[in-house]
Structures are given as C-alpha cells and as structure tokens.
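Which chain is which? The protein sequence lines are A and B, in order. Using the working numbering, the final residue of the first sequence is 418, and nothing's skipped along the way. Using the working numbering, the final residue of the second sequence is 418, and nothing's skipped along the way.
You may find that some hints are simply not true.
It does not matter which identical chain is meant; a pair holds if it fits inside one copy or across any two.
Claimed, not checked - Dumping the calculated DSSO-like pairs for lysine-lysine here, alpha-carbon to alpha-carbon at most 30 Å:
no.	residue 1	residue 2
1	Lys291	Lys315
2	Lys32	Lys144
3	Lys359	Lys56
4	Lys110	Lys6
5	Lys78	Lys334
6	Lys340	Lys310
7	Lys291	Lys336
8	Lys74	Lys23
9	Lys76	Lys287
10	Lys6	Lys359
11	Lys291	Lys334
12	Lys310	Lys118
Hints were generated in silico from the structure; no laboratory data involved.
Read off the chains here:
There are 2 protein chains.
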Amino acid sequence: MEIKADAGDYVSIKLAKREVKGTILESYDKDIILVKLESGYNIGIPKENVFDVKVIRKYKGEKVKYDIPSGKGKPKIGLIVTGGTIASKLDARTGGVRALTDVEEFAKFYPKLFEKYDIKINSPFMELSENMNSSHWKTISKEVKKMLDDKQVRGIIITHGSDTLHYTSSILSFFLRGLNKPVALTFSQRSIDRGSSDAELNLECAAQFVLSNCAEVVIVGHATENDNYCYALRGTKVRKMHTSRRDTFKAINCKPIAKIGEKVEFLEEYNARKEGNEKLELDDKFSNKVALVKFYPGMDSGILNYYKNEGYKGLVLEMTGLGHVSSDWIGKIKACIKSGMFICASAQTINGSLNPKVYSTGREIEKSGVIYLKDMLSETAFVKLGWVLGHRNWNGKEKEKMLENFAGEFSEFLSE
Amino acid sequence: MEIKADAGDYVSIKLAKREVKGTILESYDKDIILVKLESGYNIGIPKENVFDVKVIRKYKGEKVKYDIPSGKGKPKIGLIVTGGTIASKLDARTGGVRALTDVEEFAKFYPKLFEKYDIKINSPFMELSENMNSSHWKTISKEVKKMLDDKQVRGIIITHGSDTLHYTSSILSFFLRGLNKPVALTFSQRSIDRGSSDAELNLECAAQFVLSNCAEVVIVGHATENDNYCYALRGTKVRKMHTSRRDTFKAINCKPIAKIGEKVEFLEEYNARKEGNEKLELDDKFSNKVALVKFYPGMDSGILNYYKNEGYKGLVLEMTGLGHVSSDWIGKIKACIKSGMFICASAQTINGSLNPKVYSTGREIEKSGVIYLKDMLSETAFVKLGWVLGHRNWNGKEKEKMLENFAGEFSEFLSE
Numbered sequence: 003m004e005i006k007a008d009a010g011d012y013v014s015i016k017l018a019k020r021e022v023k024g025t026i027l028e029s030y031d032k033d034i035i036l037v038k039l040e041s042g043y044n045i046g047i048p049k050e051n052v053f054d055v056k057v058i059r060k061y062k063g064e065k066v067k068y069d070i071p072s073g074k075g076k077p078k079i080g081l082i083v084t085g086g087t088i089a090s091k092l093d094a095r096t097g098g099v100r101a102l103t104d105v106e107e108f109a110k111f112y113p114k115l116f117e118k119y120d121i122k123i124n125s126p127f128m129e130l131s132e133n134m135n136s137s138h139w140k141t142i143s144k145e146v147k148k149m150l151d152d153k154q155v156r157g158i159i160i161t162h163g164s165d166t167l168h169y170t171s172s173i174l175s176f177f178l179r180g181l182n183k184p185v186a187l188t189f190s191q192r193s194i195d196r197g198s199s200d201a202e203l204n205l206e207c208a209a210q211f212v213l214s215n216c217a218e219v220v221i222v223g224h225a226t227e228n229d230n231y232c233y234a235l236r237g238t239k240v241r242k243m244h245t246s247r248r249d250t251f252k253a254i255n256c257k258p259i260a261k262i263g264e265k266v267e268f269l270e271e272y273n274a275r276k277e278g279n280e281k282l283e284l285d286d287k288f289s290n291k292v293a294l295v296k297f298y299p300g301m302d303s304g305i306l307n308y309y310k311n312e313g314y315k316g317l318v319l320e321m322t323g324l325g326h327v328s329s330d331w332i333g334k335i336k337a338c339i340k341s342g343m344f345i346c347a348s349a350q351t352i353n354g355s356l357n358p359k360v361y362s363t364g365r366e367i368e369k370s371g372v373i374y375l376k377d378m379l380s381e382t383a384f385v386k387l388g389w390v391l392g393h394r395n396w397n398g399k400e401k402e403k404m405l406e407n408f409a410g411e412f413s414e415f416l417s418e
Numbered sequence: 003m004e005i006k007a008d009a010g011d012y013v014s015i016k017l018a019k020r021e022v023k024g025t026i027l028e029s030y031d032k033d034i035i036l037v038k039l040e041s042g043y044n045i046g047i048p049k050e051n052v053f054d055v056k057v058i059r060k061y062k063g064e065k066v067k068y069d070i071p072s073g074k075g076k077p078k079i080g081l082i083v084t085g086g087t088i089a090s091k092l093d094a095r096t097g098g099v100r101a102l103t104d105v106e107e108f109a110k111f112y113p114k115l116f117e118k119y120d121i122k123i124n125s126p127f128m129e130l131s132e133n134m135n136s137s138h139w140k141t142i143s144k145e146v147k148k149m150l151d152d153k154q155v156r157g158i159i160i161t162h163g164s165d166t167l168h169y170t171s172s173i174l175s176f177f178l179r180g181l182n183k184p185v186a187l188t189f190s191q192r193s194i195d196r197g198s199s200d201a202e203l204n205l206e207c208a209a210q211f212v213l214s215n216c217a218e219v220v221i222v223g224h225a226t227e228n229d230n231y232c233y234a235l236r237g238t239k240v241r242k243m244h245t246s247r248r249d250t251f252k253a254i255n256c257k258p259i260a261k262i263g264e265k266v267e268f269l270e271e272y273n274a275r276k277e278g279n280e281k282l283e284l285d286d287k288f289s290n291k292v293a294l295v296k297f298y299p300g301m302d303s304g305i306l307n308y309y310k311n312e313g314y315k316g317l318v319l320e321m322t323g324l325g326h327v328s329s330d331w332i333g334k335i336k337a338c339i340k341s342g343m344f345i346c347a348s349a350q351t352i353n354g355s356l357n358p359k360v361y362s363t364g365r366e367i368e369k370s371g372v373i374y375l376k377d378m379l380s381e382t383a384f385v386k387l388g389w390v391l392g393h394r395n396w397n398g399k400e401k402e403k404m405l406e407n408f409a410g411e412f413s414e415f416l417s418e
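With the hints as constraints, model all of the structure from the sequences given.
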C-alpha cells in the first residue's frame, strides 16, 4: 500500500495482529518504515506488512519565539556560535541530531546563560566540526577580534563541534597574537534536549572562565563523567580522547590550567598568561599545503612523492616511539627536504617527548634535516606548520619558528 | 692538531687551562670532539682548543663467552629474539644503544632467565621495530609454530622493539589460529646496562605468564613506573602510549588480562582463551596493499585517488569523533568503494566506540559502504585488513570477516 505519512509525523500503524504508535523516521530503505516508539526504541517495519497508517499529529518544524533578556548591569561576554552538537537538537525526522537554525533558537535552549550574563551573540556560520578548515578558523578569529574591540567585553566563548575542537583551539592560539582577554572554546557530547547533556555545565564554566583574568585560549569541558566541575585546558596541549564520554578532552603532557566548579581555581604550577596592556593583533596567515601523515610499519615511502608532486610545502610525520620511521624512508625524506619541503616529527604515542638521539634511526633522521617537535601534539604541529609556512616574511626562519614556544605548545618543564 | 684516538677510547684531553677525562663518542661534526665524562654528561670540545689527547684505554669490541646453563628438570620455554632495545646495549662509541650481536650475548645479559628456565632460544633476525613489516611478522609466526611443535614447550616469549610491538602482537593474534599455548611479547624502554632498565622484570613476568594456561597472544610490560609488577595486555587491544615511560603499553577499551607479580592473577571479568585440544594452524596470509590514513580538518580528498591509482585494495580511515570525515570526502569514498576498494573506519580518539548513526555525516558515510569497526584500534584494524584481504578464498566475505571477532579485537561488552 502507499503510505501517506512523512518523516516526523506521529502515527498509528496497523499490522496484521497489532497496532503500533510512534514517530516516523527517515528511512534509507524505501521498503521499510522506520518508527521511533514511545519507549525510545526504533523498529523497522516492511511496508508489505502494513495494513494502514493514520497520521495522529503532523510534523511541524517548530519555531518558538524567545525574547533575549536585557543585559543591563550584567557582565558582558562575547558568544560565537559555530555549530556542532552544542547547537543541535534531536531531530524527530531522523532520530539523530540536527543543527539549530538560528541564534534565537540557541538562546532559547540556554536561558540561564542569558539571564546571568550580558551575552553579545553572533554566529558567522553553522557547521559540523569535521567540515571545518582554515577558512572557518580565519572567520572565527576575525569574529573574536571584532568582539574584543568592544572594551566592555570581558572574554569570548566559542561553541563548536567537539570532533576537531582541539585543532581550532590550537590554531586560534597562534592566530590571536598579544591576546589580552580569555577565550574559551566549549562543546557538548550530548545535545541539550537529552537528560545526559553536558552542554549547560560546560557553558556555565566557560562563562566563569572568561570572567577571569587569564588571557589564554582554552577548551572548557567536563573534568569527569559527572556533572560536578570542568577543566580549562590549554588550547595547544589538549586532545579529544574518547568518542562519546563527556570528559573526552584531556590535557596532554601537562596539567589543566584551572578547575572550574563554584569558582575558577588556577592550578598553582601553571604559568598562565594574564590580561595586560598588549594589543591583540590578528595573524591569521595559513598555508593549506601542509599535511599530517601517520607512519605505520611497512608503509610505502612513495607517499612522500605524492606530497612532493602535489606541491606540499610541509609535512608532519607522526612517528613511532622517540621519533622513528623505517630506515628505507630516510633517502626519500632527504630528497623532499632538499627540494624545499619542511618535514617535522611528532609522536604517535601522543604522550611523552621525542628524542632522536637515543637510537641510530633517530640520529639518521635528524641528520637528514627533520625538525623534531619534542612534546608538541601532532594536531598542534599540523596547524602550527600551516601557520608558520603561511608567513612569507619568515622565509629562512621556518625551523626556528617551529621550535619557538609561541603559545605553550612545548612543555618547557619536560626534558628533551 | 690531528687527534689520534677513536670513538670508544677512554682518553685524557689537555685543554688550555684544564684536563678532562672521558670516553670519545662518534661525532657528526668533524671539528668537534664529543666526550662522555665520568659524570655521565657529554661535552663537545672544538678541536682547535685541544692541546693534546692521550689514550688511556683503547676501545675493544668486547666479546665475552657465556655458557648457557643446563635446562634439565626446568620448565621449557621458547624464546624468540628479534632485536629492539631489550636486545641492545649502550654503545660506548655513540653514547646511544646498539643491537646485541648474537644469541649468546643475549643470554649473558639475562642470566637469571637461563638459570630458572630451560630456554630454547632462537633469533630469526635482529631488527629495530620501526623497520619491521609483514615479512618479519610471517617469519616470527613461523618460528612460534616451529617451537610449539615441541610439546614440551610450555609457551613462547618474543622479545621485540617497543615502537611497533602492538602491531606485531595484533597480527600474531590473527596469524596463529587455534593457538593453544601462551605467547607473550615483551620489550624494554631502557637497555639492560642502565640502572633503570625495565628488561629484567618484563622478561621474568613474561616467563611466568607463558607457564600459565592462558592461550592468548599478549604484551607483557611494566604496569606502573615502578619495578613491582607487570600487566599482560591482550594483543589486539593494546597501544604504546608514551615515548619513554616504562609503563608505556596500555589496554585500550578493556582491562588487562592479568596482573603478574609474585604470581599470575587473572582479572576475573576476563574471558581469556584456555589451553585446549585445538591444533595450531598458521594462517599468515597478508596483503601489503592496505594503508592506514589519519584524517585531519581541511584534508584534501585527492589522497584517495593516490591510493586507488597505486592499486590499494583497502584503507583504514582514522576518523574524528564517532566516525566522521568532512562531507566533501563522501563522493570520492563512494567512487573508491565502487571500484572495489574496502574502506574501514576507526577512531582517532583511540578510546571509545564508533557510532555512525548519531550524526548526518556518519549516516551518509555508512550508507556509502564504509565498514565501521566499532571500538577496534586503528593499528589493529590496519593489520587485520591486510590479513583479511590477503585471503582470496574470502572473496565476497571481506566485510563479514572484518566484523567477526577473531581475537578479542572487539570488546563485546561495549554497546555500539
């Protein structure tokens, strides 16, 4: 029979021996009706088994008006909404989540934030974080600069998908030179309309952080699986470490900058940047001709020719152990470097610092001109290389710049 | 002046105002003499500052004879030595480490092992682990099979460089079908002639493990930074997680199989394979036309053409979050799959399980035919894909085989 109901409609379906009620979901198989039951479970029903479908409630793309409360007398915070789960809600039509459609809808979902603070909100684009690239990073950094031109703004919160959030926090740490206000990126692993959503605590802690005087780019997120407190993690030393846990972001090769619960507690050993008289300068040059390449045993070094032929200017090789690739790569690495490519080494183990001097392979690779990036994360190394090679005026100084500690990307306390 | 001393010689060097004593190291700069002082520090002295050099003790490539004690009445263990730090020692000439030259020298370094057990030792090759590839993996597995043909042998210890040890433990878990004896791979992060060497405890714990009745391929290594106990970690669920720490190997998405201190304690929840009547069959097919590719934001999907043109049969894409790449990749992914390539998804976060159903990008990618490997590690996924695609007789069953739990590569208790 032909089914006269659409995704999102709440329906009653008559089968041979029983009737089921639920919401129709988008189905990828045209012969199956996919239904979300009241219990929350989804079932697939072959259309040939369906005797009748009655629409009980037609789906409406609901749009509720929300009046943003007055900010008078409240601390002023800039809020940049870029998409991701934190700006998404469950979609009745797919059973998955979809992006909120506008800034007002965002405000409606997080009323507490707008009641407590004077939120200056803008959304330059709405994008899932896996789709972001250097042009999005530039747009965000310009938006930060613009908002901070207003001296009343105490700091900036950026909401963003979690998948590539640590790439964005890293590149903003380099783009925003002379930063003198806090910038906190935050996210959620579960959308706000789920009971287990982590969005509200993350946002509230991000707000608290940007009212501090710590002029760093950080990621703020759940410190544990519970809803009790968050960490602020340095933008260049943080990585998404779990597909689904709410405390997915972890400080790597260092400690969190601060613990945020009732108040913001800075961890004593942390030498964080303070607000000062520096003037914020946007330095958002970026070369897209850089790549991050993970080495694995038996990997064919021919891949290096691909990057050379495609005109890549730099590579970060994610190496094994203290910084090794197989010996038969060394010749091709030398040839690439000779042809003008910059090749950097980062650690596949994630934790710890490289040291090319212990083993003969490392010594050979270092001799060939590879830049060993000590304990810098691979993801940070990739965006930093794009940033450094984006600067034509740094011609001849590329290695020096890669090894300069611009934004805490090296843990100075770690021995080499 | 011309210096008449060679690397490894213990010398006295006369400078303008003082004299220094130490061992000459190999120097990459012909104008600098590199000297290891008694204090352990290395210093570089410009040759032009040297007034005289006296050789106090000439370097000899020492070779000491060692008689392996009789194994009579002791438990019999197979030991396969493949190279790496555990089979290396400090090299006086470079200040780094170098491989032991023969099996006798290995026995001399680890006398306790040979006193306690009847060690049947063989070294099919001596290689640093970053240089290993599928042909080494095949050689090792053949050696295991050969040693286990001797029914007296209780289990096998394999010593191996730590850099790619988890790739080897994974592939052996697939190659050794119907395994009915314990196989423990072990390593060291510091060579045996350093005070802080982890080699001896790792070897002793590996020996204890292979005397158990657990017929699994495991990695045995330090559980903590102290020298008190080790873990046995399932070969397919383990990863090197630190460049230099001795407890570098960690169980991922599961717990260790056993704790090994005074005795071997199996963790109760673990459903480990027991010795039985199964017959060990070597199934060491492997296709080298597979690659592991880590995705990063802004990555050019043109790389997929490279792999297609080079005749690759399969790729593991290390995706972000729950299993995403940027939307503009989906078209090329579809084209690759249509041309017969197998594309699998693994998690860049390392921890957690993929779930393509939550977000639209994931649903689109899954629809394109990508095989989502749940909580399987990227490194395990790479070797398993090589193994599966090495089987011509599995034609048409590749996806089914990738999703079959052969060697605990999926944690069954994790929900999708």
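Hints, verified against the model:
1. Lys291 - Lys315: both (6 Å within a copy, 27 Å between copies)
2. Lys32 - Lys144: So Lys32 and Lys144 fail the 30 Å test inside a copy (45 Å) and across (51 Å) alike.
3. Lys359 - Lys56: between (73 Å within a copy, 27 Å between copies)
4. Lys110 - Lys6: Neither, since 33 Å and 82 Å both go past 30 Å.
5. Lys78 - Lys334: Neither: 54 Å inside a copy, 46 Å across copies.
6. Lys340 - Lys310: both (11 Å within a copy, 28 Å between copies)
7. Lys291 - Lys336: both (19 Å within a copy, 25 Å between copies)
8. Lys74 - Lys23: neither (48 Å within a copy, 75 Å between copies)
9. Lys76 - Lys287: neither (36 Å within a copy, 68 Å between copies)
10. Lys6 - Lys359: between (71 Å within a copy, 26 Å between copies)
11. Lys291 - Lys334: both (19 Å within a copy, 20 Å between copies)
12. Lys310 - Lys118: neither (54 Å within a copy, 55 Å between copies)
Violated hints, in rising order: 2, 4, 5, 8, 9 and 12; the structure is consistent with all others.
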